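Protein chains: 6
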Amino acid sequence: MHKGPYVEDIREKQPVEGLYLVRDKNNGITKNGKPYIALNLSDKTGVIKGRVWDNAEKLDPGFDQGDVVCIKSFSVLYQGEMQLNIHAINRIGADDADPRDFMSTSRLDPEQCCADIQACIETISDPDLRRLLELVFEDERITSAFKQAPAAKSIHHDCLGGLIEHTLSVTRLVDMLAGHYETVNRDLVLAGAILHDIGKIQELSYERGFDYTDEGRLIGHIVLGMELITDTIRRLPDFPAKKAMLIKHMILSHHGQLEFGSPKRPKIPEALLLSYADDLDAKMFDFTQFIKKEQRPETNWTGYHRLFNRYLYTGVFEESPAPGAENGQPPQDV
Amino acid sequence: MHKGPYVEDIREKQPVEGLYLVRDKNNGITKNGKPYIALNLSDKTGVIKGRVWDNAEKLDPGFDQGDVVCIKSFSVLYQGEMQLNIHAINRIGADDADPRDFMSTSRLDPEQCCADIQACIETISDPDLRRLLELVFEDERITSAFKQAPAAKSIHHDCLGGLIEHTLSVTRLVDMLAGHYETVNRDLVLAGAILHDIGKIQELSYERGFDYTDEGRLIGHIVLGMELITDTIRRLPDFPAKKAMLIKHMILSHHGQLEFGSPKRPKIPEALLLSYADDLDAKMFDFTQFIKKEQRPETNWTGYHRLFNRYLYTGVFEESPAPGAENGQPPQDV
Amino acid sequence: MHKGPYVEDIREKQPVEGLYLVRDKNNGITKNGKPYIALNLSDKTGVIKGRVWDNAEKLDPGFDQGDVVCIKSFSVLYQGEMQLNIHAINRIGADDADPRDFMSTSRLDPEQCCADIQACIETISDPDLRRLLELVFEDERITSAFKQAPAAKSIHHDCLGGLIEHTLSVTRLVDMLAGHYETVNRDLVLAGAILHDIGKIQELSYERGFDYTDEGRLIGHIVLGMELITDTIRRLPDFPAKKAMLIKHMILSHHGQLEFGSPKRPKIPEALLLSYADDLDAKMFDFTQFIKKEQRPETNWTGYHRLFNRYLYTGVFEESPAPGAENGQPPQDV
Amino acid sequence: MHKGPYVEDIREKQPVEGLYLVRDKNNGITKNGKPYIALNLSDKTGVIKGRVWDNAEKLDPGFDQGDVVCIKSFSVLYQGEMQLNIHAINRIGADDADPRDFMSTSRLDPEQCCADIQACIETISDPDLRRLLELVFEDERITSAFKQAPAAKSIHHDCLGGLIEHTLSVTRLVDMLAGHYETVNRDLVLAGAILHDIGKIQELSYERGFDYTDEGRLIGHIVLGMELITDTIRRLPDFPAKKAMLIKHMILSHHGQLEFGSPKRPKIPEALLLSYADDLDAKMFDFTQFIKKEQRPETNWTGYHRLFNRYLYTGVFEESPAPGAENGQPPQDV
Amino acid sequence: MHKGPYVEDIREKQPVEGLYLVRDKNNGITKNGKPYIALNLSDKTGVIKGRVWDNAEKLDPGFDQGDVVCIKSFSVLYQGEMQLNIHAINRIGADDADPRDFMSTSRLDPEQCCADIQACIETISDPDLRRLLELVFEDERITSAFKQAPAAKSIHHDCLGGLIEHTLSVTRLVDMLAGHYETVNRDLVLAGAILHDIGKIQELSYERGFDYTDEGRLIGHIVLGMELITDTIRRLPDFPAKKAMLIKHMILSHHGQLEFGSPKRPKIPEALLLSYADDLDAKMFDFTQFIKKEQRPETNWTGYHRLFNRYLYTGVFEESPAPGAENGQPPQDV
Amino acid sequence: MHKGPYVEDIREKQPVEGLYLVRDKNNGITKNGKPYIALNLSDKTGVIKGRVWDNAEKLDPGFDQGDVVCIKSFSVLYQGEMQLNIHAINRIGADDADPRDFMSTSRLDPEQCCADIQACIETISDPDLRRLLELVFEDERITSAFKQAPAAKSIHHDCLGGLIEHTLSVTRLVDMLAGHYETVNRDLVLAGAILHDIGKIQELSYERGFDYTDEGRLIGHIVLGMELITDTIRRLPDFPAKKAMLIKHMILSHHGQLEFGSPKRPKIPEALLLSYADDLDAKMFDFTQFIKKEQRPETNWTGYHRLFNRYLYTGVFEESPAPGAENGQPPQDV
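Chains as they are written, first to last, in my numbering: chain L, 1 to 334; chain U, 1001 to 1334; chain R, 2001 to 2334; chain W, 3001 to 3334; chain V, 4001 to 4334; chain A, 5001 to 5334.
Worth flagging that the hints you see were computed from the coordinates, not collected in a lab. Here the structure is a predicted model, which means the values were calculated and not measured. Ideal Cβ placement from N, Cα and C applies to all residues, glycine included. Heads up, a few of these hints could be off.
As the list claims (entries may be wrong) - Okay, derived cross-link-like pairs now, EDC-like style, lysine to aspartate or glutamate, Cα gap no bigger than 16 Å in a straight line:
{"#": "1", "chain 1": "V", "residue 1": "Lys-4242", "chain 2": "V", "residue 2": "Asp-4214"}
{"#": "2", "chain 1": "W", "residue 1": "Lys-3283", "chain 2": "V", "residue 2": "Asp-4279"}
{"#": "3", "chain 1": "R", "residue 1": "Lys-2072", "chain 2": "R", "residue 2": "Asp-2060"}
{"#": "4", "chain 1": "U", "residue 1": "Lys-1034", "chain 2": "U", "residue 2": "Asp-1060"}
{"#": "5", "chain 1": "R", "residue 1": "Lys-2292", "chain 2": "U", "residue 2": "Asp-1060"}
{"#": "6", "chain 1": "V", "residue 1": "Lys-4034", "chain 2": "L", "residue 2": "Asp-139"}
{"#": "7", "chain 1": "A", "residue 1": "Lys-5243", "chain 2": "V", "residue 2": "Glu-4057"}
{"#": "8", "chain 1": "V", "residue 1": "Lys-4242", "chain 2": "A", "residue 2": "Glu-5215"}
{"#": "9", "chain 1": "A", "residue 1": "Lys-5242", "chain 2": "V", "residue 2": "Glu-4012"}
{"#": "10", "chain 1": "U", "residue 1": "Lys-1283", "chain 2": "R", "residue 2": "Glu-2182"}
{"#": "11", "chain 1": "U", "residue 1": "Lys-1025", "chain 2": "A", "residue 2": "Glu-5215"}
{"#": "12", "chain 1": "R", "residue 1": "Lys-2072", "chain 2": "R", "residue 2": "Asp-2095"}
{"#": "13", "chain 1": "W", "residue 1": "Lys-3283", "chain 2": "V", "residue 2": "Glu-4182"}
{"#": "14", "chain 1": "A", "residue 1": "Lys-5034", "chain 2": "W", "residue 2": "Glu-3081"}
{"#": "15", "chain 1": "W", "residue 1": "Lys-3034", "chain 2": "U", "residue 2": "Glu-1081"}
To be verified - For each label pair, taking beta carbons as the anchor points, the in silico distance ranges come out as:
{"#": "16", "chain 1": "R", "residue 1": "Arg-2234", "chain 2": "A", "residue 2": "Leu-5307", "range": "27 to 35 Å"}
{"#": "17", "chain 1": "U", "residue 1": "His-1305", "chain 2": "W", "residue 2": "Glu-3182", "range": "45 to 53 Å"}
{"#": "18", "chain 1": "R", "residue 1": "Arg-2234", "chain 2": "U", "residue 2": "Gln-1118", "range": "22 to 30 Å"}
{"#": "19", "chain 1": "W", "residue 1": "Thr-3123", "chain 2": "V", "residue 2": "Phe-4260", "range": "30 to 38 Å"}
{"#": "20", "chain 1": "V", "residue 1": "Arg-4310", "chain 2": "W", "residue 2": "Leu-3236", "range": "26 to 34 Å"}
{"#": "21", "chain 1": "U", "residue 1": "Lys-1049", "chain 2": "V", "residue 2": "Arg-4310", "range": "50 to 58 Å"}
{"#": "22", "chain 1": "L", "residue 1": "Asn-40", "chain 2": "V", "residue 2": "Asp-4060", "range": "35 to 43 Å"}
{"#": "23", "chain 1": "R", "residue 1": "Asn-2026", "chain 2": "A", "residue 2": "Asp-5231", "range": "29 to 37 Å"}
{"#": "24", "chain 1": "R", "residue 1": "Glu-2294", "chain 2": "V", "residue 2": "His-4002", "range": "57 to 65 Å"}
{"#": "25", "chain 1": "W", "residue 1": "Thr-3123", "chain 2": "R", "residue 2": "Arg-2306", "range": "44 to 52 Å"}
{"#": "26", "chain 1": "V", "residue 1": "Asp-4096", "chain 2": "R", "residue 2": "Glu-2294", "range": "39 to 47 Å"}
{"#": "27", "chain 1": "L", "residue 1": "Asn-40", "chain 2": "R", "residue 2": "Ala-2119", "range": "44 to 52 Å"}
{"#": "28", "chain 1": "A", "residue 1": "Leu-5307", "chain 2": "W", "residue 2": "Glu-3138", "range": "17 to 25 Å"}
{"#": "29", "chain 1": "L", "residue 1": "Gln-65", "chain 2": "R", "residue 2": "Ala-2119", "range": "47 to 55 Å"}
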């Protein structure tokens, strides 16, 4: 079916017909006793509010949270916020929509990320570790999921392709750091970086919105990832037991602390380095995204960030030089 | 070789010749500049101090910590503590001594414990879980190690046979508790109890004293145990995926809290029950052992217990009247 | 007065007249400027929403939160949730209603629980402890309150009869555990279990909804319970001072940790056992109740549990097949 | 028996015969295999080391830690530290020594402290609270113990008379603070201050060194003190229940936090004030004592203070100029 | 412009015209789809709700949160709460209103507080510290801000003049305490108390409501205050380096703990005393204010206090007998 | 004076005369009652034990901890550990020894580090920040101290030149990271990295062993460093206030958390990045140094590391490539 206008393109006072993902659905009742439905609708370009003021009881059974729906509506602007008054809405079949239209996606191309990681694998000197990595990604189901999965349900890299974006970033970080700290075994820390979150392809579902799987909540991506590696190693007959033990330790300890869900803390320098790189990349992503999103003309401060437990200062960015200057060209006379 | 007198049988002022395990070895130098060696020697009945006052430099290379040694010595009593003044000492070959002579052993018979656990397995209704348990213990190497291993390097059940003693105790506890809380799935919680610490057969070495293996420190018994179960399930072709997930969750969550090394916290009642039973059994063992060991005539209090972070009261035990007396009858003349 | 239909029996589109407890009362104002009143009404079978859309200002002074009210209303179903549109409402006198009609009650019969506890008291060998327990429950005001009180304002066993239900459960647990750990003094741990929460009869008020008393908040059930025991012991002239000290210690330490409000931590095995049994029983009640209540067809997971700080898995329960079915046989026609 | 020279008066190279309390006794063995005994001996003026180099085995059974002993010895100075080489030592009977000779005592006169507290009681307006306080101290056993007990086994005010010194100090603090914060009920906070640690007369033993009693460890001074007050109130027939509840709350909450052993936290301003005054007085005592004791010419810093978890700066004190100099006048020629 | 009626003087059913500060402004939409604006308006006597039901879209751009507005409205009483239905509203210029009309102000006269602090400064013996304090307050901009600033954005002393009120209170407390603990250097602790929060004149903005400045959030009042003192000391040529170090330490450590934002913990008794006095004064202010504000006839308890994490008991205050009665005399007939 | 043999060059059974730093000095007394002195002596190549068995009382006043001493001694090997039996020892004047001979020094050349940092400064685009950095290092006293100071009293980089080694490493890390995270302001984060620990030149003394200064303990390097920057900025008339605020924030927040002594937590991405880089560099240094130092043939594990609270695995290193390869030569064909 035809996707219709993207959220970011919707303008005021126009009819809007198209396909959107139902993020949240809440039934309300007006003080006159009339039922209505409040929705958050989204596609990959953003989120928009929807309201079903009429025929709410009749339209209600036709769709649920998590569905992709086809709607007819009219856009209104209220207090600077766009809103769709909906008069027709119902779910469409799973095959009638492309999931990538409805969920936010990484700003990077997953295929390119994957190629970059493959290239990195080829630089690994240790033949056992290199072969292990190659074998993991020879499995098409793994590679396909790895390119599509988000890195989290919410918080950092919570977009399609987020897992591979984050993995590539951490891999590049540890590559730089392994150059800086020469005693670090580059092969081991690179292999650890590439595989550290591989279990997330089983921990998260991302077909229609992002959520945890049963396995994700009961076993968790750390152990799921380690099991995937164990399974792969089983197919490599002469894989040295010690290297297997060390790469498992890299995965198990990558959250750095027991209270963050790692059953073991880093006990080799490579594992320590990986845990810092992983944490730093997640925090920097979250920190800078939040500052970008919360830029507001009237203040130098974001709203309160619940996880960081603080307000962030947005004023540094405004220093960024005039357009054009970044490329070394003088600003135009305009 | 002949074991010689057990530690608990050594009396004052007699020659002592026999085999003992070197628990600790420290070199010292007297203020006169003369070297000596201070030892702790042990067998399964206890620990005794040893001192090499003469020829220390010559005898020093002949043995290390962790060796079983053959000694010639003379016993002296100083300040109520027995001590061996050693004039000859050297290590003996691994095959010349029976390890069970040198390490403390469970007060229970491991064979009987094993039979009790086997009997318990047969009461499990669920055919998948029962078959899983049977298959685990059909492996002679597993069962043999399971009967011999300690449950910890130190702290609770740190004796040969300690693992199976603790496992049986926890199994009995959850069986009682599953009867008390009827909604609990008895089969699942029993299977979890029997398998919860199975990874300790790989986490600990116990041939000559107790210590952690490399795998024990880098992977840990929780994940090692889960892998052992995964391996066994792989040999059960139609094992339901959901049951596999639940039994793994039981193992992974049995420490109850992330900060105690469980990568997942209990999310089903059976796992919650198991985590309490495991914790209670370890604490009760430690608590009551410490009180027994620290009974002293001059005070109602033990010394300071580092892990409990308190002094324990020893006075309750002394109340236990002679048998028969509790019911108001005078003790019999026997 | 006549109770009228129980909450769990109310069906759609019918007039409803009867007596209900006002759990919450909130005044609102519609966007048209018209006042209304939003209520939660309850009886022992459940909670239902009520709305006063008309004459809100006039009816408002006639009742408060905590009152039992007589209402006239009409039931409507909105979004699957029953709701009463109320046109008449006013409080009734304290004597016109039976409290047990309006608060949830234990699934167990308090009289039977009390008899079971009495029977347990008779199995205590120690004459001093047995006499102490008998004397406590000879006081009709204590026994009567003990049978009626809840175990908590909210959280676990928050129903009439909840205190005695929890007490009986903990008593049975420690009886089992005392059999398992033989060095434990059964008499002492049983006496502790039976008395551990006795102070809650003064800590909580439960005539009209559950709340804390002034004493409950300023002194607390741990110390109130200990004082009740001290008062009773005073009436037993030759009660041994040491036993008094130990039974007091059992009460004072039963929360296990200082930060949970125990002024002393367990220093005898009996107190350690009691603190585990008490904690386990509260947690298991809460855990399993929450799973039962939150069973939903569309997911294997409960909503977020604030105190456990996690989502719980509801999928284990659904496995329980019909009897007989587990062995692959069809259920018999019976 | 004759006390002999006080510790603070002992000089080098002289025979010392007299009575001292054995604080610590440790048996050692020289590298030549000769036993010796290392002691800390004390009287109210300080602590001194003692060594039994000869006949250690023979003299050993004649005394224990906690005994008052009669010794014959010779004083030597080694590395600036005085030490007694002992050739005769044995315990003396309980009646042969005055305890006040052997334990450190408050720098204040307990009788005067007691009189000051009595005077303070007379300023309390509330007749019930005043009568309660009077009745407590009419009991000669209470008053006598109150004047003699230490405030702690170690840490702050760990001297004979320390309890009443600390109590008077806290009482004066809250009197000042009640004047500063006018809404505070002075009567209640004064009564609370005077009684807050009264349970320490049962928590600590102080006949021969300071230690905890069984009750002290199993019940604790907070609850023991509250029970003493309950007992006293029982003898005041018309004592208002609410005042009893409030004064109990003052006692129970005076450690401020659950994790410091208070079963309830302050919920009235008077209790908050008392908890701060108590904490401040203990901390200031400890802080300033430590600085005085650790003044050393070569550094501005004390050694590491374990409880404060830091080093303290001793340099402020040295600034105190000679009297008169502060006002810019030169010190007089005197 | 004319202020108009104060919030505390507004009565029901009357036209209200005047100037108020917009504390919060939220746009809503009625279920009929009609926009409205919900406001909190305040002046120094309190806060009142305002609603713009008509012409919301037209009036909306005319004012923002933080503005002082001139309104025309009509007062209505709903459920005991006064509310203004607004038909005209727009912001006024900064110079048309006196800030002191619109923000709550200290119950004390800032001029008198300032005079009291000046008087206190004159009692300081140490000429360096006295001169430092004099020089700080000779700067008219500092003194003026010091008299006007609040002590916090919310929580304690969050009113105009709150900073100087709190500073005077802490100064008096440490003066009393320095008298009580004689080894304390009164000059140093007094200077510390007077200057401890001086950095708040830069940390907070208070022209139109209270908020943090950029410096306040990025540097903080502790370091800002220390810098102000450093700047002043620079103008005192012979100021002793050691005293400068000590007064800085007083400022830096006055929050007592690292986790409360002090980069150093108290290491001299004077700093310890100051940190207690500061904490006590803030807590007592908050505690007693909350109890006063939450006095309610139907209960002895306040609502839940988020920071103290508890409910507070309001019943002690009600005991305060009529004036005169405390001395046993009947109240006069007046 | 002549330095004499370096510690790392001392061999067994030879006379040793030379200059060494007294790290620790402890007086002991043999069981024969003969005094002796136990020393740790060091120079920049290591630490060695010294013993004064004869004439201890006479030699004792001639030197103290922290002195450089001239000794005459004889080397003995005992249990594989070298030890000097000393017969003459006395301190030498401050000018008679070069401090750099006696304290461990960075493996890097401080001059080269300084040149590298200078080169880095020249790459900063922002003229204000570049000028600030240039001005700081134009002060010869600062630069000289910066090249000499250690980064810590113990723990990481506790050697002469350690501060500049650590600073250069952190500077390089943030330069790499600023390239990786493009929205980060490279100039700001580089300036922050170069200056973050500059206060340590005042926090630590390092003339004769490493210790904290009075200022170091009472003010701390975070605030001392910020003050140094404030002082420098004061000399730059038009330095923008906002940049001053931001660079100060970088310094103040670089420990990342309040409980680690930062009075503010990072609120801009540049500060977050710096805090991670600083922490990572310290931890990696400590982690890898400990593993190198604790390599032991008989085990794959280090001893217990107190700060990391764990044992570290040393086995990864042994994989290090074949000999010869490290020097850039291809491995020989053997």
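Verification of the supplied hints:
no.: 1; hint: V:Lys-4242 / V:Asp-4214; verdict: 32 Å, violated
no.: 2; hint: W:Lys-3283 / V:Asp-4279; verdict: 15 Å, holds
no.: 3; hint: R:Lys-2072 / R:Asp-2060; verdict: 15 Å, holds
no.: 4; hint: U:Lys-1034 / U:Asp-1060; verdict: 13 Å, holds
no.: 5; hint: R:Lys-2292 / U:Asp-1060; verdict: 68 Å, violated
no.: 6; hint: V:Lys-4034 / L:Asp-139; verdict: 57 Å, violated
no.: 7; hint: A:Lys-5243 / V:Glu-4057; verdict: 41 Å, violated
no.: 8; hint: V:Lys-4242 / A:Glu-5215; verdict: 9 Å, holds
no.: 9; hint: A:Lys-5242 / V:Glu-4012; verdict: 50 Å, violated
no.: 10; hint: U:Lys-1283 / R:Glu-2182; verdict: 15 Å, holds
no.: 11; hint: U:Lys-1025 / A:Glu-5215; verdict: 45 Å, violated
no.: 12; hint: R:Lys-2072 / R:Asp-2095; verdict: 20 Å, violated
no.: 13; hint: W:Lys-3283 / V:Glu-4182; verdict: 15 Å, holds
no.: 14; hint: A:Lys-5034 / W:Glu-3081; verdict: 15 Å, holds
no.: 15; hint: W:Lys-3034 / U:Glu-1081; verdict: 15 Å, holds
no.: 16; hint: R:Arg-2234 / A:Leu-5307: 27 to 35 Å; verdict: 55 Å, violated
no.: 17; hint: U:His-1305 / W:Glu-3182: 45 to 53 Å; verdict: 49 Å, holds
no.: 18; hint: R:Arg-2234 / U:Gln-1118: 22 to 30 Å; verdict: 55 Å, violated
no.: 19; hint: W:Thr-3123 / V:Phe-4260: 30 to 38 Å; verdict: 37 Å, holds
no.: 20; hint: V:Arg-4310 / W:Leu-3236: 26 to 34 Å; verdict: 30 Å, holds
no.: 21; hint: U:Lys-1049 / V:Arg-4310: 50 to 58 Å; verdict: 55 Å, holds
no.: 22; hint: L:Asn-40 / V:Asp-4060: 35 to 43 Å; verdict: 24 Å, violated
no.: 23; hint: R:Asn-2026 / A:Asp-5231: 29 to 37 Å; verdict: 60 Å, violated
no.: 24; hint: R:Glu-2294 / V:His-4002: 57 to 65 Å; verdict: 59 Å, holds
no.: 25; hint: W:Thr-3123 / R:Arg-2306: 44 to 52 Å; verdict: 49 Å, holds
no.: 26; hint: V:Asp-4096 / R:Glu-2294: 39 to 47 Å; verdict: 58 Å, violated
no.: 27; hint: L:Asn-40 / R:Ala-2119: 44 to 52 Å; verdict: 59 Å, violated
no.: 28; hint: A:Leu-5307 / W:Glu-3138: 17 to 25 Å; verdict: 57 Å, violated
no.: 29; hint: L:Gln-65 / R:Ala-2119: 47 to 55 Å; verdict: 53 Å, holds
The structure fails hints 1, 5, 6, 7, 9, 11, 12, 16, 18, 22, 23, 26, 27, 28 (numbered hints given earlier, in ascending order).
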